Amino acid sequence: MDLITLAFYFFAALTLVFGGVVVFSKNIMHAAFSLLFTFFGVAGLYVLLQADFLAITQIMIYIGGILVLIIFGVMLTTRITGVDVKSGASGRIQITVAGIVSAALAVLLIYVSLTTVWPQSPVAEAGSTVTAIGNTMLTKYILAFEAASMLLLIAIVGAAFIARKK
Amino acid sequence: MEIGLTHYLVISALLFTLGLFGIVSRKHSIMVLMGLELILNAANINFIAFAKFGGMNIDGHIAAIFVIILAAAEAAVALAILLNIYQHFRHVNMDEVDSLKE
Amino acid sequence: MAKDTLLLLSIIILFTPLSSFLINAFRSHRSGRISGVIGTSILFVDMILAMIVAFSKLVTYSDVNIIQTRFEWFSIGSTNIVIGFGIDNIAAIMLLVVTVISFLVHLFSFIYMEGDRRFPKFYAYLGLFTFSMLGIVMANNFLMMYVFWELVGISSYLLIGFWYEKKSASDAGKKAFITNRIGDLGFFAGIMILFMTYGSFMFDDIFAGIASGKLPFDNPTMLTLAGIGIFMGAMGKSAQWPLHVWLPDAMEGPTPVSALIHAATMVAAGVYLVAKVFVMFTADALTFIAVIGTITAFVSATIAITQTDFKKVLAYSTVSQLGFMIMSLGTGGYTNGFFHLVTHAWFKAALFLAAGSVIHAMHHAMHHLHDHHSDPQDINNMGGLRKKMPWTYFTFLFVTLALSGIPLTSGFLSKDGILAGTLAWANLTGGWHWIVPVLGFTAAGMTAFYMFRLTIVAFHGESKTEIASHTKENPIQIVLPLVVLSVLSVWFFYSPNPIDATKGWFHKMVVQPESAVPAAYQWDFLLSETHAVATDVHAGSPAHEAAAPAIAESHNTTPAAEHAAAHTSGHGYINKFQEEVHHFHYTAMLLSLLIAGSGILLAFLIYQYKIVSADNLERRFKRLHTFSLNKWYFDELYNATIIALIMAIAKGKALFDGYIIDGMVNLSAKVTRIAGQVIGVFDNVVIDGAVNLTANVTGYMGAGLRKLQTGRIQSYVVMAIVGLLILIYFFY
Amino acid sequence: MESTNFLWDLFGRNVWTVLAVISLPLLFVLVYALIAILAELKISAWIQERLGPMRTGPWGILQPVAEVIKLLQKEDITPDQSSKLLYNLAPFIIFTGAYAAFAVIPFSSAFVPAGIDVGLFYVFAIGSISAMGIVMGGWASNNKYSLMGAMRSISQLISYEIPAAMAILSVVVLTSSMNMQEISSMQSGGFWNWFIFGGPGGWSKLWVIPFTIGLTIIYFIASLAETNRVPFDIPEGESELVAGFHTEYSGMKFAMFFFAEYANMFVVSAILTTIFLGGWNSPFGDFLQGPWWGVFWFILKSFFIVLLQIWIRWTLPRFRVDQLMHVGWKVLLPLSFVCFVAISLFAMLN
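First to last, the protein sequences are chains A, B, C and D.
Just so we're aligned, residue 25 is where the first sequence starts under this note's numbering, counting upward by one.
Just so we're aligned, residue -13 is where the second sequence starts under this note's numbering, counting upward by one.
Just so we're aligned, residue 4 is where the third sequence starts under this note's numbering, counting upward by one.
Just so we're aligned, residue -19 is where the fourth sequence starts under this note's numbering, counting upward by one.
By construction, these hints were calculated from the structure, which means they are not laboratory data.
Mixed in with the good hints, there may be bad ones.
Unchecked claim - Listed below are the simulated BS3-like cross-link pairs for lysine-lysine, each with C-alpha atoms no more than 30 Å apart in a straight line: (1) Lys613(C) - Lys467(C); (2) Lys64(D) - Lys50(A); (3) Lys54(D) - Lys22(D); (4) Lys511(C) - Lys391(C); (5) Lys673(C) - Lys656(C); (6) Lys124(D) - Lys50(A); (7) Lys625(C) - Lys613(C); (8) Lys50(A) - Lys710(C); (9) Lys178(C) - Lys613(C).
Remember, predicted model here, so these are calculated numbers, not experimental data.
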């Protein structure tokens, strides 16, 4: 068991355990903060997958952006009178159904993952992906890139418009 | 056992089902949103895993980046909408938001 | 002025009063005086324009028959409805008459109607009336003529019933309108006969058609009937016997209205119509017209003698004079008939305005004395007004002389011509036709008598009541129109010769047109010599058209006719009738002077010097007096015959409706109800059962399926995932 | 840029070496923090015309040590109604964020803990972990002042991140690299080649010098805000919010915050040094140039910036919240955009 394998299991555990906390926690703030670790774990997995740029993007956008937004959302939409902020579980039947369906899906997906013969290609050389991503983004995916920038602009303007006080 | 594609796929599957469970079992909209983020992350793990092992190479990264962009836009707009819903109903429980106007 | 400009100006003249109507109609709740100023100034402009157009036509284009335009209005199938408008000499003269009198009446009403709470509305109605009347004048086709004919009817109705709070006023309005409708029915029938035959409403087309020998239904009688039908319209509008009953009642309207509409313009429209379509009347139709005119003139003159209401006397006098005009036209005296229309318009308007002046003064006096019961229009309440209202008196006296046919007045010129015409006609035709001049002369004498009776009773002697002694002269706005109108009644305006008008401009301008009727159906003495020759030689050939100069537009009528006449007879007369009239000129003049003089003398003897007692006469001719006083019982006669008949028919129909039709309806309703009940049971049990069954099945299914449609996204997600699982299970 | 780390060359890649590489910056930070605290105390005293700590050691130079000992001895209070786990976790998260940034800071041409290609980006991203720590601590304290302090802090961080990012991006545009080691080595050959003066290049770079100087100032101001230093210390403005998000903290956990703040100060200074002030390069060309001298120059420059921050802290008054937002969004942001566009144009035309 080398360091890489160890790191993989560490990050996998981090992701899944805190993912579980996110989902099962009764306190919404705990859930939100657990998300931090989940994201961090995923970023770690990216690093192990030699996607350094993606990993940092993950940290920057998910933790620095989306998570902050979510926490702001929680704070602005919940009456925080104490530290135990309920995350609003549904009725027992619904949870049961959700559990069954999720478990079934998990079993199915894992079964599929394990039994399918995936097209494998030789493992790519380790190295910086930034240049490659930049070149591809501005050549092959230039249209999608511009569309995404427009989308973000519109989302910003729209969000600001929707959220402002009447 | 060498860490390979299936490892990541399994992790992704588990993360996906966790997210799904979060979406289905919670009333609080923000909890649903968090579940959604988990699902998107699971998808991204798949993309990157296939980029490395499945020959998707840089295209997988690009796809993941677009997923992240969409997630950011979605979170911004969704939270803005939630703020509005909260101003109207004083809560953000999904199944109690049931009228289109006051 | 170019012809196009002239037509353009005519259109402007036509629509200017309409603007007055629109402006005043939309400000009918505002202050009144402004409306008066607006209406009067618009009419002033209109009058100036009308003068320009009229002089232009009469001076520049005097030799052009008619300046007109025609355009397609719309088409029904393959039939094109063509309308248009045009100015000929009589239209030009009528333009002058209508606008001048209308302007003076506007001016007069400014004081007369002051303080009335519907003052703006009054001016609006006056504008509407003037517009409609000008439309009649300018029309060169039956369709427009008919449309404006009805517009005149409606504005007359509005103005007669202007004080509609008074039942008599609103009744009078309705009576006028309905009576007119009866005449219009004939008018419409006549128009339709002509339209069916000639396929056009244009005068030109129709006259050309008649001249070409084409007759309605190939029957000369139908042409006569068409003429009589159109004349019936004139009978209604011009209050000819037996449709004259509405005009005296129309005096319920404000006096300026009586002057404008029921003396000078609207009632003259009938005469104008007859003159306009004169060329299409057959000999039979003309005889009918002459007889009707004569009866009207005589009957109303007899009634006027005994009336005591100031305006009623004038009203019957108007009817009588209209009878004269119609009679003149009927006897072929085209020019004199129309001449009398014009001269009569001035002095009758003056008479009515003078009456208005008197009534206004009486009203003021009554108001001053706080008397609200006396009748301000009863001449027995007046007397001695000569000293109180000198201007009114002298103008009134002068126009009374004109009406009576005393020399140096315009009335003498025209009436003399008419009477000479009747004599000539009777002489040329003979037989029972002599009754026409006899009754004509009698009526002329009676005219002089009753007019002087009116003057003497109302103005001479001492004041008969307190009210009369408190009257005083009216302001300039009232007096000025009187003076203007009476000045216009001086002979000089029509002919330099005070006893013969035939050399004056009027007779040069208004020349009797050539008849379009085939010679076989027309008096031979009304046909010009060329025409007679032409018809003799080429009977039924296209030469008719060429020989009917009156028909073709911008055809040089007057010189042509004169030229032709000079060639054939060498006397300067158009036809034999003119010549005969000339022969009878002095006879008629002496005779009428004699009769009018004796009428005046009689009036003075009875009412001024009381040598003959009026009461004695009244007692001795009790029956005649009552007969006259009650207007020959025409209203009662109509009540007892026509109205009673209609009521009886209506009652019979009501019974029929009540018992038979209602019974059938009720029976069918009952049958339907029973059938309905049976069907209802079937419907409830069988059909509703089936429908309900379907509905319930659907409903239960819906209620079951509805549970799936929770509205919760989460349950949809679950279902989607379940579906995915199933799909993967089956296809993986 | 494979391995600019002399430890790898010395000992090879094994667990112990990794541990050494990881802990080296920690050692540095400990020493640095003590010095910085002393500097803060002394400089504030001199600015206020007093002597400052004089009793502990000669001229009071041991005063920071005493302070640390005091903090370690203090009772560690955890508020009763707080969210215990998060409350205890927050200081570590914050310190983790601050310390993680040291991974890519090039102390010398021969030493950088992790020489990754996206170093600048990494530094930038890792800053957001500190933000999470702040909000975690603020919320978990169950104290309204803490919560408000945390929220203000977050909004301030987000607001000033953008001008700072624009400044960094401008340099990235000029260098076409995000590797901090590369950026540093590009600026070798005297202070004239530093990016504050437009970086290496011919006379045409004169056009961008105003913009690069401007960006340097912008980055400096933004970094003040990101570290919550005066005049941007509203999140912990004592006159309004007691002590901001760490009001409830005491003892060792407070020391962690304290520590993290000083570490952060050094991180932003180090970045400023690296991207604008030539990094470990000597300002005088080859004079005193080399791997070891590089450490000296780097620490000297960074320390100068830290001292500048301390100096400003005791000189300027605090901004109001609205002024803060105004400066961030309406002044710095447009200015940084202008500079960025200008520099991009320059880079494109070159």
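Results for each hint:
| no. | hint | result |
| --- | --- | --- |
| 1 | Lys613(C) - Lys467(C) | 15 Å, holds |
| 2 | Lys64(D) - Lys50(A) | 15 Å, holds |
| 3 | Lys54(D) - Lys22(D) | 24 Å, holds |
| 4 | Lys511(C) - Lys391(C) | 43 Å, violated |
| 5 | Lys673(C) - Lys656(C) | 24 Å, holds |
| 6 | Lys124(D) - Lys50(A) | 22 Å, holds |
| 7 | Lys625(C) - Lys613(C) | 19 Å, holds |
| 8 | Lys50(A) - Lys710(C) | 29 Å, holds |
| 9 | Lys178(C) - Lys613(C) | 39 Å, violated |
Hints 4, 9 from the earlier list are contradicted by this structure; the remaining hints agree with it.
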